[in-house]
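Colleague: The lines below spell out each chain.
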Amino acid sequence: MKLAILHELNAERAARRPVILVTDTEGGEQRLVKAKDFAKDPLRAELDKQLRMGKSANVEAGGKKLFLNVYAPTAKLVIVGAVHISQALAPLARSLGYDVTVVDPRTAFASPERFPDVPLVAEWPDTALPPLNVDAYTAFVAVTHDPKIDDPALLHAFERGCFYIGALGSRKTHAKRGDRLRAQGAKESDIARIHAPIGLAIGAVSPSEIAVSIMAEITAVLRLPPKEKEEAA
Amino acid sequence: MLDRDEDILKAAEDWQKAGRGVALATVVETWGSAPRPAGSSLVINDEGTFLGSVSGGCVEGAVVTEAMDVIQSGKPRMLEFGVADETAWNVGLSCGGTIRVFVEKVG
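From first to last, the protein sequence lines are chains A and B. Numbering of the first sequence is given in UniProt numbering, commencing with residue 1 and proceeding in unit increments. Numbering of the second sequence is given in UniProt numbering, commencing with residue 1 and proceeding in unit increments.
Where hints are given, some of them may not hold.
[What the hints assert, rightly or not] Below, a list of computed lysine-lysine pairs in the DSBU-like style, where the Cα atoms sit at most 35 Å apart:
hint : chain 1 : residue 1 : chain 2 : residue 2
1    : A       : 40        : B       : 105
2    : A       : 64        : B       : 105
3    : A       : 187       : B       : 105
4    : B       : 75        : A       : 65
5    : A       : 49        : B       : 105
6    : A       : 65        : B       : 105
7    : B       : 75        : A       : 36
8    : A       : 176       : B       : 17
Treat the hints as calculated values from the structure; they're not laboratory data. Bear in mind that the values here come from a model prediction, so they are computed numbers and not experimental data.
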């Protein structure tokens, strides 16, 4: 691999932009294709497919054996609310490979004693969220049960196009939340994106079980093709 | 998406810039039960220091040896390990799978 390609690959990864490295496994020639350039690439169908699946693969094109190595950004999980569920959710998400950050302006909740080794931001969402670079590779959950904290956080998640947005609360609570968000200018399609009640219906009772149901739902949204995703939800 | 190879690739770049000979080994194909998926990689420098894995420990030793040759020659090579291959069996891909590993020099 040429140093210039490696340097560009590392720069794209640092910026959380997906790329695919195409290697001719016989000749050794390589090129790096950025996701924004897929549309004009001769291998666009294969590139799109492999990125969507997050899976590297071999293809044959123009008599050449090519290896497509997919480099997609590490998924992030932003948890708004340093509550009991979050204490179980943060370590579980980390074990699944997510970069986890917990946000809660209430310092009694967002304490290192309650969240050892987890990055904590004890600020209001308006201050805490912009530097976190929330993006399409971020799962976002709002679990404070306090509209003053959850609502602005959810509006931020809509803006950034998170791949998963979940919020704690019963159907009744969620209906009220929808009304409030609408009043603040949220689109119907944004509100429809919120998974609420949060998590897969597995009869979870304890905070740890609820954490499992949330991570199961996030995994389904991340990994399943669109049709099966609807069935699981 | 949940891959964490970036530190490995960053190390490869840092090592190369510090003047070390560096090789990158990448799993390009797997059959049967292989412990690491295609795209997993290992970087090796000319001191024999390596980071990452291509098999979860089964064949790393052999890959590092081959990588030393690649750093010398600059020519990429394809390695195959599996139950059908007696050498590899000795090396011990005990999981019963087969993997192909592409080894290339960095720089």
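Colleague: Give a verdict on every hint.
Modeller: The hints, checked one at a time:
| no. | hint | verdict |
| --- | --- | --- |
| 1 | A:40 / B:105 | 29 Å, holds |
| 2 | A:64 / B:105 | 21 Å, holds |
| 3 | A:187 / B:105 | 51 Å, violated |
| 4 | B:75 / A:65 | 17 Å, holds |
| 5 | A:49 / B:105 | 29 Å, holds |
| 6 | A:65 / B:105 | 19 Å, holds |
| 7 | B:75 / A:36 | 32 Å, holds |
| 8 | A:176 / B:17 | 57 Å, violated |
In summary, the numbered hints that this structure violates are 3, 8.
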